[in-house]
Amino acid sequence: FFKLLWGLNYDREGIAYQLYLKPKPYTVEDVTSLTNDLIDSLNATRKLIPDSILPQPSIERIKAEALKNYARVSKDYRFLSYKYPSVKRSLYSEVGDYIGFTGYFNPFSGEAQLRTDIPRVLIPYVCSHEMAHQLGYASESEANFVGYLAASKSPQAYTRYSMYLELFSYAQGEEIFQYGRSKDYQAFDSIIQQNRLRLDTLVKKERKEIREFFRKRRKAVAPAFNNLYDQYLKLNKQEKGIESYDQVIGWLIAYKKKYGKI
1 FFKLLWGLNY DREGIAYQLY LKPKPYTVED VTSLTNDLID SLNATRKLIP DSILPQPSIE
61 RIKAEALKNY ARVSKDYRFL SYKYPSVKRS LYSEVGDYIG FTGYFNPFSG EAQLRTDIPR
121 VLIPYVCSHE MAHQLGYASE SEANFVGYLA ASKSPQAYTR YSMYLELFSY AQGEEIFQYG
181 RSKDYQAFDS IIQQNRLRLD TLVKKERKEI REFFRKRRKA VAPAFNNLYD QYLKLNKQEK
241 GIESYDQVIG WLIAYKKKYG KI
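In the working numbering, the protein residues as written are 1 to 262.
Hints listed in this document are in silico derivations from the structure and should not be mistaken for laboratory results. Be a bit skeptical, because a hint or two may be false.
Pairwise CB distance ranges (calculated) [to be verified]:
{"id": "1", "residue 1": "GLU212", "residue 2": "GLN18", "range": "36 to 46 Å"}
{"id": "2", "residue 1": "ALA187", "residue 2": "TYR77", "range": "32 to 42 Å"}
{"id": "3", "residue 1": "ARG211", "residue 2": "TYR185", "range": "17 to 27 Å"}
{"id": "4", "residue 1": "PHE213", "residue 2": "ARG78", "range": "30 to 40 Å"}
{"id": "5", "residue 1": "LYS22", "residue 2": "PHE213", "range": "21 to 31 Å"}
{"id": "6", "residue 1": "PRO155", "residue 2": "GLN186", "range": "10 to 20 Å"}
{"id": "7", "residue 1": "GLY110", "residue 2": "GLN18", "range": "38 to 48 Å"}
Calculated lysine to any residue pairs in the SDA-like style (CA-CA distance at most 25 Å, straight line) [stated by the list, open to error]:
{"id": "8", "residue 1": "LYS183", "residue 2": "GLN193"}
{"id": "9", "residue 1": "LYS256", "residue 2": "ALA64"}
{"id": "10", "residue 1": "LYS47", "residue 2": "GLU206"}
{"id": "11", "residue 1": "LYS257", "residue 2": "ALA16"}
{"id": "12", "residue 1": "LYS261", "residue 2": "LYS88"}
{"id": "13", "residue 1": "LYS257", "residue 2": "GLY173"}
{"id": "14", "residue 1": "LYS261", "residue 2": "ILE39"}
{"id": "15", "residue 1": "LYS68", "residue 2": "SER86"}
{"id": "16", "residue 1": "LYS153", "residue 2": "PHE213"}
{"id": "17", "residue 1": "LYS68", "residue 2": "LYS88"}
{"id": "18", "residue 1": "LYS88", "residue 2": "PHE213"}
{"id": "19", "residue 1": "LYS75", "residue 2": "GLN18"}
{"id": "20", "residue 1": "LYS257", "residue 2": "LYS88"}
{"id": "21", "residue 1": "LYS205", "residue 2": "TYR170"}
{"id": "22", "residue 1": "LYS204", "residue 2": "ILE191"}
{"id": "23", "residue 1": "LYS257", "residue 2": "PRO119"}
{"id": "24", "residue 1": "LYS216", "residue 2": "ARG181"}
{"id": "25", "residue 1": "LYS258", "residue 2": "GLY14"}
{"id": "26", "residue 1": "LYS257", "residue 2": "LEU19"}
{"id": "27", "residue 1": "LYS22", "residue 2": "GLY250"}
{"id": "28", "residue 1": "LYS47", "residue 2": "THR27"}
{"id": "29", "residue 1": "LYS257", "residue 2": "PRO23"}
{"id": "30", "residue 1": "LYS63", "residue 2": "PRO25"}
{"id": "31", "residue 1": "LYS257", "residue 2": "GLN18"}
{"id": "32", "residue 1": "LYS88", "residue 2": "LYS47"}
{"id": "33", "residue 1": "LYS256", "residue 2": "TYR77"}
{"id": "34", "residue 1": "LYS261", "residue 2": "LYS83"}
{"id": "35", "residue 1": "LYS204", "residue 2": "GLY180"}
{"id": "36", "residue 1": "LYS205", "residue 2": "LYS183"}
{"id": "37", "residue 1": "LYS261", "residue 2": "THR27"}
{"id": "38", "residue 1": "LYS68", "residue 2": "LYS83"}
{"id": "39", "residue 1": "LYS208", "residue 2": "SER86"}
{"id": "40", "residue 1": "LYS261", "residue 2": "PRO25"}
A virtual CB, placed ideally from N, CA and C, is assigned to each residue, including glycine.
Throw the hints in and build the complete structure from the sequences for me.
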């Protein structure tokens with residue numbers, strides 16, 4: 001029943017087919033170039049937010065902006081038209097500390113659920129990601145990429161900042177992984193230091209606050225749940241399991257090579 005209701009979306013023609021994108025194996029230089037672009041975008045976007053302390057827009061305002069962003073992106077890509085809004089606050093935010101989610105899609109009700117107790121700046125991109133699932137993009141990498149396409153259309157610096165924070169985390173994680181795998185430890189240390197030096201002071205401060213939030217609230221059961229979810233994703237043709245979230249990097253690199261920008 002689940003496979004008929006939702007699981008078939010794992011087998012559908014995806015965003016690559018729709019955008020004529022062809023993600024290919026990428027090099028560490030590709031990842032470094034993308035990471036540097038995202039650092040530039042993070043810094044520039046943070047400077048457009050005038051206060052040293054980030055604003056705290058209401059959840060309703062964030063949802064309304066996400067709807068507008070999908071309306072904007074659907075002018076370029078009609079298949080991203082979002083017609084039946086159903087985005088709700090999760091009633092199980094505290095459970096998120098135990099199983100490690102920031103939002104989720106309920107395939108039985110068709111609702112996108114947002115955890116609203118996390119740092120507010122994360123919620124615009126989480127909302128955009130979960131709405132992508134509602135459009136039928138089952139894989140996490142595709143939902144991340146479609147979430148990016150929508151959020152990037154926002155005239156609101158706060159929304160774009162939310163998006164760049166998340167994408168930079170994925171890109172830097174992949175960059176560190178690539179250098180670590182090559183066992184070039186000098187380059188490994190150097191790239192971490194370079195990224196840290198290039199990031200705006202406020203960006204570094206806010207990233208640290210986000211890390212501290214999740215560190216303090218991480219529960220022992222989360223790794224066990226992640227293992228279960230990892231197996232679930234692999235059973236549904238996402239070969240990298242929970243690492244599939246990071247595969248958005250391949251989409252971003254392909255998009256950058258095709259359009260010359262992120």
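Checked hints:
1. Roughly 39 Å separates the CB atoms of GLU212 and GLN18, a value that falls within the hinted 36 to 46 Å.
2. Checked against the hint of 32 to 42 Å, the C-beta distance between ALA187 and TYR77 comes to roughly 38 Å, which is consistent with it.
3. Here the CB-CB span from ARG211 to TYR185 is close to 23 Å, well matched to the stated 17 to 27 Å.
4. PHE213 and ARG78 have their C-beta atoms about 38 Å apart, which keeps the hinted 30 to 40 Å range intact.
5. Look at LYS22 against PHE213: about 38 Å separates their beta carbons, and that is not inside 21 to 31 Å.
6. For the hinted restraint 10 to 20 Å between PRO155 and GLN186, the CB-CB distance of approximately 43 Å leaves it violated.
7. Checked against the hint of 38 to 48 Å, the C-beta distance between GLY110 and GLN18 comes to roughly 21 Å, which is inconsistent with it.
8. Our distance criterion of 25 Å between C-alpha atoms is met by LYS183 and GLN193, whose separation comes to about 17 Å.
9. As the CA atoms of LYS256 and ALA64 are separated by approximately 28 Å, the hinted pair breaks the 25 Å bound.
10. Simply put, LYS47 and GLU206 have alpha-carbon atoms about 13 Å apart, close enough for the 25 Å limit, and the pair holds.
11. Proximity of LYS257 to ALA16 is assessed by CA-CA distance (about 14 Å); at most 25 Å being required, the pair is judged to hold.
12. Simply put, LYS261 and LYS88 have alpha-carbon atoms about 33 Å apart, too far for the 25 Å limit, and the pair is violated.
13. For the suggested pair LYS257 and GLY173, the alpha carbons sit about 21 Å apart, so the restraint of at most 25 Å is met.
14. A C-alpha spacing of about 13 Å is found between LYS261 and ILE39, which places the hinted pair at or below 25 Å, so the restraint holds.
15. Restraint check: the Cα-Cα separation between LYS68 and SER86 comes to about 14 Å, which is no more than 25 Å; the hinted pair holds.
16. With a C-alpha separation of about 28 Å, the suggested pair LYS153 and PHE213 falls outside the 25 Å cut-off, and the hint is violated.
17. Taking the CA atoms of LYS68 and LYS88, the gap is near 17 Å; set against the 25 Å cutoff, the hint holds.
18. A hinted pair counts as satisfied when its Cα atoms are at most 25 Å apart, and LYS88 with PHE213 qualifies at roughly 22 Å.
19. Distance hint between LYS75 and GLN18 is fulfilled; the C-alpha atoms sit about 14 Å from each other, no more than 25 Å.
20. The hinted pair formed by LYS257 and LYS88 fails the criterion: a straight-line CA distance of about 36 Å is larger than 25 Å.
21. Note on LYS205 and TYR170: the hinted pairing holds, with a Cα-Cα distance of about 18 Å set against a maximum of 25 Å.
22. Note on LYS204 and ILE191: the hinted pairing holds, with a Cα-Cα distance of about 16 Å set against a maximum of 25 Å.
23. Proximity of LYS257 to PRO119 is assessed by CA-CA distance (about 33 Å); at most 25 Å being required, the pair is judged violated.
24. Proposed proximity of LYS216 and ARG181 is contradicted: the alpha carbons are some 29 Å apart, above 25 Å.
25. Between the alpha carbons of LYS258 and GLY14 the distance comes to roughly 17 Å, so the proposed pair stays at or under 25 Å and holds.
26. Pair hint LYS257 plus LEU19 holds up; C-alpha atoms about 13 Å apart against a cutoff of 25 Å.
27. Straight-line distance between C-alpha atoms of LYS22 and GLY250 comes to about 9 Å, which keeps the hinted pair within the 25 Å bound.
28. Between the alpha carbons of LYS47 and THR27 the distance comes to roughly 31 Å, so the proposed pair goes past 25 Å and is violated.
29. Annotation: proposed proximity of LYS257 to PRO23 holds, straight-line Cα distance about 10 Å (limit 25 Å).
30. Taking the CA atoms of LYS63 and PRO25, the gap is near 35 Å; set against the 25 Å cutoff, the hint is violated.
31. Distance hint between LYS257 and GLN18 is fulfilled; the C-alpha atoms sit about 17 Å from each other, no more than 25 Å.
32. Restraint check for LYS88 and LYS47: not satisfied, since their Cα atoms lie roughly 31 Å apart, outside the 25 Å limit.
33. For the given pair, LYS256 sits about 17 Å from TYR77 by alpha-carbon distance, which is consistent with the 25 Å threshold.
34. Of the supplied pair hints, the one linking LYS261 and LYS83 is violated, its CA atoms being roughly 28 Å apart against a limit of 25 Å.
35. Straight-line distance between C-alpha atoms of LYS204 and GLY180 comes to about 23 Å, which keeps the hinted pair within the 25 Å bound.
36. A C-alpha spacing of about 30 Å is found between LYS205 and LYS183, which places the hinted pair above 25 Å, so the restraint is violated.
37. A distance of roughly 18 Å separates the Cα atoms of LYS261 and THR27; the hinted pair therefore holds under the 25 Å criterion.
38. Using a Cα cut-off of 25 Å, the hinted pair LYS68 and LYS83 holds, with the two alpha carbons roughly 11 Å apart.
39. Annotation: proposed proximity of LYS208 to SER86 is violated, straight-line Cα distance about 32 Å (limit 25 Å).
40. The hinted pair formed by LYS261 and PRO25 meets the criterion: a straight-line CA distance of about 19 Å does not exceed 25 Å.
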